[in-house]
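Student: Based on the hints, put chain B in the right spot on chain A.
Line by line, the protein sequences give chains A and B. Here my numbering runs 3 ahead of the position in the first sequence, where the first position is 1. Here my numbering runs 8 ahead of the position in the second sequence, where the first position is 1.
Source of the hints: derived by calculation from the structure; they are not laboratory data. Values in this document were obtained by computation on a predicted structure and should not be read as measured data. By construction, the Cβ of each residue, glycine as well, lies at the ideal position given by its N, Cα and C atoms. Certain hints may be false.
[Stated by the list, open to error] Here are the in silico distance ranges between beta carbons for each label pair: (1) Asp548(B) with Thr33(A): 33 to 43 Å; (2) Thr325(B) with Phe118(A): 44 to 54 Å; (3) Ile153(B) with Ile160(A): 35 to 45 Å; (4) Pro15(A) with Tyr167(B): 51 to 61 Å.
[Said to hold, decoys possible] Facing chain B, according to a computed beta carbon distance under 10 Å, are these residues of chain A, among others: (5) His13; (6) Leu26; (7) Phe31; (8) Gly41; (9) Leu52; (10) Arg132; (11) Phe134; (12) Ile135; (13) Phe139; (14) His140; (15) Gly143; (16) Met146; (17) His183.
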Amino acid sequence: MQSEGYVAHHFPNLAQQEHAARLGMWLFLTTEILLFTGLFTAYAVYRFLFPEAFAEASHLLSAPLGTVNTVVLITSSLTVALAYHFARHGAGRTAGLLLLATLAFAAAFLVIKGFEWTHDIHEGLLPGRYFIYPEFHAVGGPMFFTLYFLMTGLHGIHVVIGMAVLAVIAVQCFRGAYDHGYTTPVELGGMYWHLVDLVWIFLYPLLYLI
Amino acid sequence: MSQSLASTPPPPGELVPAYNTRNYLNAESGILSWLLTRDHKRIGIMYLVATTVSFFLGGVFAMLIRIELLTPGPTIMSAMTYNRMFTLHGVVMIFLFMIPAIPGAFGNFFIPIMVGAKDVAFPKLNLLSFYLYLLGAAIALYGMIHGGADTGWTFYTPYSTTTVTKVVPILLGAFVLGFSSILTGLNFIVTAHTLRAPGLTWMRMPLFVWSIYATSIIQILATPVLGITLLLVAVEHAFGFGVFDPARGGDPILFQHLFWFYSHPAVYIMVLPGMAVISEVIQTAARQTIFGYRAVAFSSLGIAFVGFFTWGHHLFTSGQSTLDAGIFGVLSMFVGIFTAIKVFNWTATLYKGAVKFTTPFAYVCGFLFFLVFGGLTGIALATVSLDVHWQDTYFIVAHFHFIMVGGTIMAWLAGLHYWWPKLFGRTYSDAWGLVSATFIILGFNATFIPQFLLGNYGMPRRYYSYPERFWALNVASTAGASLLAFGFLIILVYLLISLKHGRLSGPNPWNSRGYEWETLSPPPVENFLENPVFRRAPHDYTADGSGGASGDGPEVKHAV
Chain A
4 MQSEGYVAHH
14 FPNLAQQEHA
24 ARLGMWLFLT
34 TEILLFTGLF
44 TAYAVYRFLF
54 PEAFAEASHL
64 LSAPLGTVNT
74 VVLITSSLTV
84 ALAYHFARHG
94 AGRTAGLLLL
104 ATLAFAAAFL
114 VIKGFEWTHD
124 IHEGLLPGRY
134 FIYPEFHAVG
144 GPMFFTLYFL
154 MTGLHGIHVV
164 IGMAVLAVIA
174 VQCFRGAYDH
184 GYTTPVELGG
194 MYWHLVDLVW
204 IFLYPLLYLI
Chain B
9 MSQSLASTPP
19 PPGELVPAYN
29 TRNYLNAESG
39 ILSWLLTRDH
49 KRIGIMYLVA
59 TTVSFFLGGV
69 FAMLIRIELL
79 TPGPTIMSAM
89 TYNRMFTLHG
99 VVMIFLFMIP
109 AIPGAFGNFF
119 IPIMVGAKDV
129 AFPKLNLLSF
139 YLYLLGAAIA
149 LYGMIHGGAD
159 TGWTFYTPYS
169 TTTVTKVVPI
179 LLGAFVLGFS
189 SILTGLNFIV
199 TAHTLRAPGL
209 TWMRMPLFVW
219 SIYATSIIQI
229 LATPVLGITL
239 LLVAVEHAFG
249 FGVFDPARGG
259 DPILFQHLFW
269 FYSHPAVYIM
279 VLPGMAVISE
289 VIQTAARQTI
299 FGYRAVAFSS
309 LGIAFVGFFT
319 WGHHLFTSGQ
329 STLDAGIFGV
339 LSMFVGIFTA
349 IKVFNWTATL
359 YKGAVKFTTP
369 FAYVCGFLFF
379 LVFGGLTGIA
389 LATVSLDVHW
399 QDTYFIVAHF
409 HFIMVGGTIM
419 AWLAGLHYWW
429 PKLFGRTYSD
439 AWGLVSATFI
449 ILGFNATFIP
459 QFLLGNYGMP
469 RRYYSYPERF
479 WALNVASTAG
489 ASLLAFGFLI
499 ILVYLLISLK
509 HGRLSGPNPW
519 NSRGYEWETL
529 SPPPVENFLE
539 NPVFRRAPHD
549 YTADGSGGAS
559 GDGPEVKHAV
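If we strip away everything but chain A, and leave its shape as in the complex, we get (with noise of 0.2 Å):
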């Protein structure tokens, strides 16, 4: 076999070592989670106090924009787990060309994101003593922009480093490196991009649509 030369010195064999990363991933990911749930603990608090601008602030929001987002993202997941499905079967360079489709999606995300952040700011809808946006005077509005600002901006700092990860691991699939029975990589990666994607479908439906 020749994924034998993947088993490190402390490891019996391969199948060991693959239930030990999977576990550990599964764990950075219940970390990844809690760092999260800070912030959604806040705008839990934040709601429960202000409802009413919560609410109305969110109607500024672009639904529209959210939703075609939430849909690139959720696509960029079904490519991520497609390429783990043929790098296990062998298929390296067509896994390879997956995750360059996931890279493409999430670049889409980022954009569109992007593109809304700057109407926000030039609107005015800012953190906290930034907010100048001139019809909306409810206690509570900054605050929305606050949280709204720092959930998707950790969320996105997340979609870059997804982004740095599965781009090395389709350097290394059209390298061939998972044709040959160790494909432990493409699968950790595929798992963090899934929280990626997670994380956004939880912020979706807060942020932009009640």
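Tutor: Chain B alone, transformed into the frame defined by chain A:
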């Protein structure tokens, strides 16, 4: 023909060297072989050195605080410097010493050996976690040199978001240190799940591993929340986004909730590794298998679990409802139940044991005293009506120094003296060890018992000056702190001497049945010469002294 490490003592005819000359320390040489190592033992040693340096730094801050409090008015520093000193003392001791000290040094060194593995599950991540520790320390140190912070280690808003001191680098330093702590915990959990050697079932896992496992769960689940909270304070301080600013609709109490959601469980991140060490040392010292293995193992998980539901006892006087305060108070007392389970099992282990009063055991005694005394004052503090009186007084300071600092330091020193021969293959002078233990345990009491009294008389914590009627007790406390510092200097001297001139210890100087003593001292790079197979529970003293006279054969077999 194998070099068997099968039993204790070694069967006649087998040559077990007094000093293993092909060990992890001399396998490679040069500074780069240390800086780029992935060997969990070398990373453990680097953690030991780094956390000890941090402990020294935090100790210097502590001594400066105590010297300032020698007189009721100004003594050696301004009020602002004093505020910075107690902040830096807290930040350094908590984030740079107590949280990483035992898991970073002893956890890294011994968990793979105790589960019969060659390394932790992710050696590169392990090295990364050490460098994140150094990076976090460097960022925090930068903040300390360029002005320090005067918020206290709790960084309460809105003061922490408006202070002119350099609070942002200290917050970011603590943020980075949090990720170091997360990666260490992640590594230990995966190691315990995936790298246990054949024969090592969960119910045979050494109690040290169980307790560190429970610690790691808290590190994974609580630390990220602190990370985002500190980040929010830093953002607020730098840009004024208003998350915790009441003038902009923000809620400073939200900060307290988020902060204590991590920082209360964090005290169990500090004390559970202490309990881990004590469970090992006490079995060897008494030459008895632990009384109630399962109870001790599961009470660690119990503390980790219930520790997540107690944070509200820090907010008794922050406008919490009486019902909430009562619920948090009762939940806090559950921690006392799990801790008592451990204490009763440890003392029952000593009963009819063949106790040898060595230096590690002296620290076990100190640990039990501080844990029980500090724990009982904790039960008192969880009672809302009493806490309202003691809130923010020296009683709190004395309480958490007893249980958290006393517990961690006693266990750290117990572990250091217990495992020193395994770490370096040499022994120190036990007589000097007992002398310094006496200084430290008496000094610790002399430092903090006066503070219990001061708090009870109503002296508030973090104050720069105090009325003259508190003078005598403050002098007593400072005298105790000097004794404490002197004890640590003695340890530093004899341990450093022992590195070069200490007697060779042999693989098992304590005649222990802990798994880690089955390998050579210092251990070889791959921990065991052959892959171990575990045939008995840890610290099984039932077939003692004869290497299998009970008919069971050697306890730890090594597969060919």
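Student: Work down the list of hints and note, for each, if the structure agrees.
Tutor: Okay, the hints, checked on the actual structure:
no. : hint                                 : verdict
1   : Asp548(B) with Thr33(A): 33 to 43 Å  : 36 Å, holds
2   : Thr325(B) with Phe118(A): 44 to 54 Å : 48 Å, holds
3   : Ile153(B) with Ile160(A): 35 to 45 Å : 29 Å, violated
4   : Pro15(A) with Tyr167(B): 51 to 61 Å  : 54 Å, holds
5   : His13                                : 4 Å, holds
6   : Leu26                                : 5 Å, holds
7   : Phe31                                : 6 Å, holds
8   : Gly41                                : 3 Å, holds
9   : Leu52                                : 7 Å, holds
10  : Arg132                               : 5 Å, holds
11  : Phe134                               : 9 Å, holds
12  : Ile135                               : 14 Å, violated
13  : Phe139                               : 14 Å, violated
14  : His140                               : 12 Å, violated
15  : Gly143                               : 5 Å, holds
16  : Met146                               : 5 Å, holds
17  : His183                               : 22 Å, violated
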